[in-house]
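Visitor: This is what each chain is made of:
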Amino acid sequence: MSEALLRIRGLRKSYDSRLVLRSVDLDVAEHQVVCLIGGSGSGKSTLLRCVDLLDVVDDGTVHLGDTELTDPRLDADLVRRRIGIVFQAYNLFPHLSVLDNITLAPRRVHRVPRAQAEETARELLDRLGLADKAADHPERLSGGQQQRAAIARALATGPELLLLDEITSALDPGLVGEVLDVVTDLKQRGMTILMATHEMGFARHAADRVCFLEDGVVREQGTAEQVLTDPRHPATRRFLSRVLDR
Amino acid sequence: MEHGTTAEPEQRPQTADGDYRRSPREEERRQFRRARDRRNRWTAALCTIAFVAAVAAATVASPGWERVHALFLDGAEFRHALPEVLDGFWLNVRMFLIAEVLILVLGLLVALVRVTRAPGLQPLRLAATVYVDVFRGVPTLLLVFLVGFGLPALRLQGTPSQPWVLGVIALVLSYTAYVAEVLRAGLESVHPAQRNAARALGLSTPQALRYVVLPQAVRNVLPPLLNDFIALQKDTALVAVLGPLEALRAAQIKADYDFNYTPYLAAALLFIAVTVPLTRVADRLQRRAAQRAWTETGR
Numbered sequence: 001m002s003e004a005l006l007r008i009r010g011l012r013k014s015y016d017s018r019l020v021l022r023s024v025d026l027d028v029a030e031h032q033v034v035c036l037i038g039g040s041g042s043g044k045s046t047l048l049r050c051v052d053l054l055d056v057v058d059d060g061t062v063h064l065g066d067t068e069l070t071d072p073r074l075d076a077d078l079v080r081r082r083i084g085i086v087f088q089a090y091n092l093f094p095h096l097s098v099l100d101n102i103t104l105a106p107r108r109v110h111r112v113p114r115a116q117a118e119e120t121a122r123e124l125l126d127r128l129g130l131a132d133k134a135a136d137h138p139e140r141l142s143g144g145q146q147q148r149a150a151i152a153r154a155l156a157t158g159p160e161l162l163l164l165d166e167i168t169s170a171l172d173p174g175l176v177g178e179v180l181d182v183v184t185d186l187k188q189r190g191m192t193i194l195m196a197t198h199e200m201g202f203a204r205h206a207a208d209r210v211c212f213l214e215d216g217v218v219r220e221q222g223t224a225e226q227v228l229t230d231p232r233h234p235a236t237r238r239f240l241s242r243v244l245d246r
Numbered sequence: 247m248e249h250g251t252t253a254e255p256e257q258r259p260q261t262a263d264g265d266y267r268r269s270p271r272e273e274e275r276r277q278f279r280r281a282r283d284r285r286n287r288w289t290a291a292l293c294t295i296a297f298v299a300a301v302a303a304a305t306v307a308s309p310g311w312e313r314v315h316a317l318f319l320d321g322a323e324f325r326h327a328l329p330e331v332l333d334g335f336w337l338n339v340r341m342f343l344i345a346e347v348l349i350l351v352l353g354l355l356v357a358l359v360r361v362t363r364a365p366g367l368q369p370l371r372l373a374a375t376v377y378v379d380v381f382r383g384v385p386t387l388l389l390v391f392l393v394g395f396g397l398p399a400l401r402l403q404g405t406p407s408q409p410w411v412l413g414v415i416a417l418v419l420s421y422t423a424y425v426a427e428v429l430r431a432g433l434e435s436v437h438p439a440q441r442n443a444a445r446a447l448g449l450s451t452p453q454a455l456r457y458v459v460l461p462q463a464v465r466n467v468l469p470p471l472l473n474d475f476i477a478l479q480k481d482t483a484l485v486a487v488l489g490p491l492e493a494l495r496a497a498q499i500k501a502d503y504d505f506n507y508t509p510y511l512a513a514a515l516l517f518i519a520v521t522v523p524l525t526r527v528a529d530r531l532q533r534r535a536a537q538r539a540w541t542e543t544g545r
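Residue numbers (the numbering used here), protein chains in the order written: chain X, 1 to 246; chain W, 247 to 545.
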């Protein structure tokens with residue numbers, strides 16, 4: 001395999017005077033699932049926001065395929081069409097039905113005819129177990145259903161890369177499974193995924209690689225098995241013992 | 247995050263990690279952004295100048311421009327009229343300040359009456375609702391006429407007779423209805439959980455209202471409240487129809503006397519001098535409120 005689909009080099013980002021990412025290097029190969037782990041405030045979300053160009057980086061580069069995302073000459077909207085993102089707080093549009101949430105971008109951005117967009121959306125909803133919720137508004141759905149609808153919305157434009165930002169953190173424990181099952185299904189279908197997560201159990205069985213972020217850098221990365229069961233770096237060990245021995 | 251993240255990268259202080267130096271790529275990006283910003287500023291400036299020039303040219307080229315210039319933009323007349331109009335304007339400011347205090351107090355009372363649920367207060371609630379409906383429905387100018395000429399005609403003991411006082415009464419009646427509605431919306435915008443949390447701490451209903459609900463309600467509706475104040479400041483000119491020597495009336499007298507409308511322009515400038523700063527304050531508050539709403543709902 002040649003170059004990875006997503007290549008992050010020397011990424012640096014601070015908010016006001018707080019340095020969040022010092023220098024992050026990270027690769028996500030095509031069809032891989034990479035999990036970002038680390039304490040709250042370690043910069044997992046910031047990293048995802050920088051990749052999706054929601055924040056401007058202070059230094060470093062991000063490449064998606066042949067495109068340098070951090071090029072200021074670039075039209076950010078064109079890039080975002082190639083990347084899907086799902087947020088912790090769902091961020092579904094409350095004034096639209098689930099179906100309209102999903103077809104909004106295909107119809108308005110990609111100019112897909114309504115009938116075709118809705119057909120794709122219904123197929124997605126069917127796959128994600130939400131076939132009967134298409135006409136409902138988000139407020140009528142449970143947290144897990146809303147998050148699955150948000151995933152469907154992110155997938156509707158056929159992105160090359162999917163960013164998942166702690167998508168299960170706002171959910172009741174009983175609803176986490178149904179959302180993670182969707183991610184496992186996406187992995188089996190060959191989706192390329194970069195996700196920030198606190199679900200170590202999920203990371204262990206679903207992630208191809210796990211990256212531990214600490215103090216603005218990737219402290220340790222490797223296969224899920226290696227990082228989670230046999231961490232090399234003391235900081236990783238400390239972090240894992242804190243989250244696992246509860 | 248408390249602050250927005252809109253600050254330019256250039257202005258962001260670098261955190262102390264000694265050996266960091268910007269990469270050439272980043273330097274090149276910054277240079278590109280600076281050049282783009284510079285280009286954008288030039289474009290903005292040129293567009294603005296072109297627009298202003300076009301409007302000015304169209305105005306000056308209009309067939310009636312000579313007459314308008316003589317009738318509305320007479321420099322000598324302006325200097326002559328300004329002191330008298332300014333004298334009148336102080337009355338506008340006084341009316342505004344007095345009315346404002348009364349409106350806030352009465353508006354709050356009406357709003358509180360409208361949000362209470364005690365069954366014994368039903369008649370008061372009904373009165374407050376009818377009051378708001380009626381006085382929001384009547385044009386303010388009409389109200390000034392009705393109060394200004396109607397109230398003295400009743401010949402009641404102790405009714406004021408100075409026209410400006412009657413004018414203030416009319417303005418208070420009209421604006422209290424608006425402000426009461428704004429405040430009521432504010433009271434209803436505070437989440438019931440806040441009231442419950444206060445009650446759970448042992449605060450009585452009035453205490454919960456006073457210390458928890460009302461401060462948040464006022465904070466939420468400060469921008470629309472200020473909009474009403476700005477409107478009130480302008481509407482003090484409506485009292486002119488009752489005859490007191492406020493800015494508009496003074497300008498009118500002067501204009502009739504000299505057959506020149508420049509005094510009106512003087513009055514307009516005085517109103518603008520007060521309302522524009524108020525508007526800026528309202529804008530700033532509105533922006534702050536919006537930012538607060540974002541941080542409270544997460545990003």
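Worth double-checking, as some hints may not be accurate.
Label pairs and their calculated CB-CB ranges [what the hints assert, rightly or not]:
#1 X:Val56 / W:Arg340: 18 to 28 Å
#2 X:Asp75 / W:Val351: 39 to 49 Å
#3 W:Arg441 / X:Arg127: 40 to 50 Å
#4 X:His110 / W:Gly383: 47 to 57 Å
#5 X:Glu123 / W:Thr525: 33 to 43 Å
#6 W:Arg287 / X:Ser17: 20 to 30 Å
#7 X:Pro234 / W:Arg538: 50 to 60 Å
#8 X:Arg114 / W:Ala373: 48 to 58 Å
A short, non-exhaustive set of chain W residues, derived as facing chain X with CB atoms under 7 Å [stated by the list, open to error]:
#9 Glu273
#10 Gln368
#11 Arg371
The following residues of chain X were derived to be distant from chain W, with all beta-carbon distances above 10 Å [to be verified]:
#12 Asp25
#13 Asp58
#14 Gly60
#15 Thr61
#16 Leu64
#17 Thr70
#18 Leu104
#19 Thr120
#20 Ala135
#21 Asp136
#22 Leu141
#23 Asp181
#24 Gln188
Hints are computed from structural coordinates only; laboratory data are not their basis. Cβ atoms here follow ideal geometry from the backbone N, Cα and C, with glycine treated the same way.
Visitor: For each hint, tell me whether it holds in the structure or not.
Guide: Here is how each hint holds up against the structure:
{"no.": "1", "hint": "X:Val56 / W:Arg340: 18 to 28 Å", "verdict": "52 Å, violated"}
{"no.": "2", "hint": "X:Asp75 / W:Val351: 39 to 49 Å", "verdict": "55 Å, violated"}
{"no.": "3", "hint": "W:Arg441 / X:Arg127: 40 to 50 Å", "verdict": "44 Å, holds"}
{"no.": "4", "hint": "X:His110 / W:Gly383: 47 to 57 Å", "verdict": "49 Å, holds"}
{"no.": "5", "hint": "X:Glu123 / W:Thr525: 33 to 43 Å", "verdict": "52 Å, violated"}
{"no.": "6", "hint": "W:Arg287 / X:Ser17: 20 to 30 Å", "verdict": "27 Å, holds"}
{"no.": "7", "hint": "X:Pro234 / W:Arg538: 50 to 60 Å", "verdict": "41 Å, violated"}
{"no.": "8", "hint": "X:Arg114 / W:Ala373: 48 to 58 Å", "verdict": "53 Å, holds"}
{"no.": "9", "hint": "Glu273", "verdict": "9 Å, violated"}
{"no.": "10", "hint": "Gln368", "verdict": "34 Å, violated"}
{"no.": "11", "hint": "Arg371", "verdict": "31 Å, violated"}
{"no.": "12", "hint": "Asp25", "verdict": "13 Å, holds"}
{"no.": "13", "hint": "Asp58", "verdict": "6 Å, violated"}
{"no.": "14", "hint": "Gly60", "verdict": "7 Å, violated"}
{"no.": "15", "hint": "Thr61", "verdict": "6 Å, violated"}
{"no.": "16", "hint": "Leu64", "verdict": "16 Å, holds"}
{"no.": "17", "hint": "Thr70", "verdict": "7 Å, violated"}
{"no.": "18", "hint": "Leu104", "verdict": "20 Å, holds"}
{"no.": "19", "hint": "Thr120", "verdict": "29 Å, holds"}
{"no.": "20", "hint": "Ala135", "verdict": "26 Å, holds"}
{"no.": "21", "hint": "Asp136", "verdict": "22 Å, holds"}
{"no.": "22", "hint": "Leu141", "verdict": "18 Å, holds"}
{"no.": "23", "hint": "Asp181", "verdict": "26 Å, holds"}
{"no.": "24", "hint": "Gln188", "verdict": "32 Å, holds"}
Hint compliance for this structure: hints 1, 2, 5, 7, 9, 10, 11, 13, 14, 15 and 17 are not met, and every other hint is.
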